[in-house]
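Numbered by our numbering, the letters in the sequence shown go through residues 239 to 386 in order.
No lab work stands behind these hints: they were computed from the structure. Ideal Cβ positions, reconstructed from N, Cα and C, are used throughout, including at glycine. One thing to keep in mind: the hints can contain errors.
The calculated lysine-lysine pairs, modelled on DSBU-like cross-linking and capped at a C-alpha distance of 35 Å, are [claimed, not checked]:
#  : residue 1 : residue 2
1  : Lys265    : Lys300
2  : Lys307    : Lys265
3  : Lys284    : Lys302
4  : Lys378    : Lys351
5  : Lys307    : Lys287
6  : Lys240    : Lys302
7  : Lys302    : Lys283
8  : Lys300    : Lys240
9  : Lys300    : Lys284
10 : Lys265    : Lys302
11 : Lys283    : Lys240
12 : Lys300    : Lys351
13 : Lys240    : Lys284
14 : Lys284    : Lys351
15 : Lys265    : Lys240
16 : Lys307    : Lys274
17 : Lys283    : Lys307
18 : Lys274    : Lys284
19 : Lys307    : Lys354
20 : Lys351    : Lys240
21 : Lys274    : Lys287
22 : Lys265    : Lys283
23 : Lys287    : Lys240
24 : Lys302    : Lys351
25 : Lys300    : Lys274
26 : Lys240    : Lys354
27 : Lys307    : Lys284
28 : Lys354    : Lys300
29 : Lys371    : Lys351
So the derived label-pair ranges between C-beta atoms look like this [said to hold, decoys possible]:
#  : residue 1 : residue 2 : range
30 : Phe372    : Asp345    : 19 to 27 Å
31 : Arg353    : Arg243    : 18 to 26 Å
32 : Ser330    : Thr242    : 21 to 29 Å
33 : Thr298    : Asn350    : 30 to 38 Å
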Amino acid sequence: MKITRSVEDYLEAMYSLEQEQGTIRVKDVAETLGVKPPSVVEAVKKLSKMNMVSYERYGTIKLKDDGVKIAEEVICRHQLLKDFLIMMGVDSEIAENDACSMEHVMDVSTINKLRKFVEFNGIFPNAYQYMEKFREYAEKGIITPNND
239 MKITRSVEDY LEAMYSLEQE QGTIRVKDVA ETLGVKPPSV VEAVKKLSKM
289 NMVSYERYGT IKLKDDGVKI AEEVICRHQL LKDFLIMMGV DSEIAENDAC
339 SMEHVMDVST INKLRKFVEF NGIFPNAYQY MEKFREYAEK GIITPNND
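All chains, full assembly: derive it from the sequences and hints.
This is the structure:
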């Protein structure tokens with residue numbers, strides 16, 4: 239079964255709505271994604287056939303276990319990418335938008351390496367100094383010597 243970017247976007251939006259509001263309604267999904275309600279209904283029918291959601295006409299949408307699992311994976315990838323981009327000195331709003339695009343196209347092995355890189359930088363107390371030096375180099379093209 240092919241999980242497309244669109245499917246991931248719908249599941250991510252539905253998961254977030256369920257976490258924030260407790261229920262998922264077609265109207266709210268449409269508003270969140272900037273699409274028309276009939277588009278959401280079509281997507282929900284597709285997701286229902288994929289066993290990702292349950293839905294009764296004019297009722298609320300419920301994420302099933304498979305839908306929750308994929309949504310959580312997408313959200314984790316998104317947060318990891320956003321954190322990595324911010325660590326690299328990217329503005330948080332740009333990092334948010336870029337993470338939205340990148341989360342759907344990166345290979346699992348790449349994501350795993352990025353996760354290890356971010357974790358690695360969190361383990362060492364002085365790692366932030368190297369990241370500061372990188373950000374300085376990325377912004378100004380120079381590296382100033384340490385005052386050690």
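Going through the hints against the structure:
{"no.": "1", "hint": "Lys265 with Lys300", "in the structure": "holds, 14 Å"}
{"no.": "2", "hint": "Lys307 with Lys265", "in the structure": "holds, 23 Å"}
{"no.": "3", "hint": "Lys284 with Lys302", "in the structure": "holds, 13 Å"}
{"no.": "4", "hint": "Lys378 with Lys351", "in the structure": "holds, 27 Å"}
{"no.": "5", "hint": "Lys307 with Lys287", "in the structure": "holds, 16 Å"}
{"no.": "6", "hint": "Lys240 with Lys302", "in the structure": "holds, 17 Å"}
{"no.": "7", "hint": "Lys302 with Lys283", "in the structure": "holds, 14 Å"}
{"no.": "8", "hint": "Lys300 with Lys240", "in the structure": "holds, 21 Å"}
{"no.": "9", "hint": "Lys300 with Lys284", "in the structure": "holds, 14 Å"}
{"no.": "10", "hint": "Lys265 with Lys302", "in the structure": "holds, 19 Å"}
{"no.": "11", "hint": "Lys283 with Lys240", "in the structure": "holds, 16 Å"}
{"no.": "12", "hint": "Lys300 with Lys351", "in the structure": "holds, 33 Å"}
{"no.": "13", "hint": "Lys240 with Lys284", "in the structure": "holds, 12 Å"}
{"no.": "14", "hint": "Lys284 with Lys351", "in the structure": "holds, 33 Å"}
{"no.": "15", "hint": "Lys265 with Lys240", "in the structure": "holds, 26 Å"}
{"no.": "16", "hint": "Lys307 with Lys274", "in the structure": "holds, 26 Å"}
{"no.": "17", "hint": "Lys283 with Lys307", "in the structure": "holds, 19 Å"}
{"no.": "18", "hint": "Lys274 with Lys284", "in the structure": "holds, 16 Å"}
{"no.": "19", "hint": "Lys307 with Lys354", "in the structure": "holds, 21 Å"}
{"no.": "20", "hint": "Lys351 with Lys240", "in the structure": "holds, 24 Å"}
{"no.": "21", "hint": "Lys274 with Lys287", "in the structure": "holds, 21 Å"}
{"no.": "22", "hint": "Lys265 with Lys283", "in the structure": "holds, 15 Å"}
{"no.": "23", "hint": "Lys287 with Lys240", "in the structure": "holds, 13 Å"}
{"no.": "24", "hint": "Lys302 with Lys351", "in the structure": "holds, 29 Å"}
{"no.": "25", "hint": "Lys300 with Lys274", "in the structure": "holds, 19 Å"}
{"no.": "26", "hint": "Lys240 with Lys354", "in the structure": "holds, 27 Å"}
{"no.": "27", "hint": "Lys307 with Lys284", "in the structure": "holds, 17 Å"}
{"no.": "28", "hint": "Lys354 with Lys300", "in the structure": "holds, 33 Å"}
{"no.": "29", "hint": "Lys371 with Lys351", "in the structure": "holds, 21 Å"}
{"no.": "30", "hint": "Phe372 with Asp345: 19 to 27 Å", "in the structure": "holds, 24 Å"}
{"no.": "31", "hint": "Arg353 with Arg243: 18 to 26 Å", "in the structure": "holds, 21 Å"}
{"no.": "32", "hint": "Ser330 with Thr242: 21 to 29 Å", "in the structure": "holds, 27 Å"}
{"no.": "33", "hint": "Thr298 with Asn350: 30 to 38 Å", "in the structure": "holds, 35 Å"}
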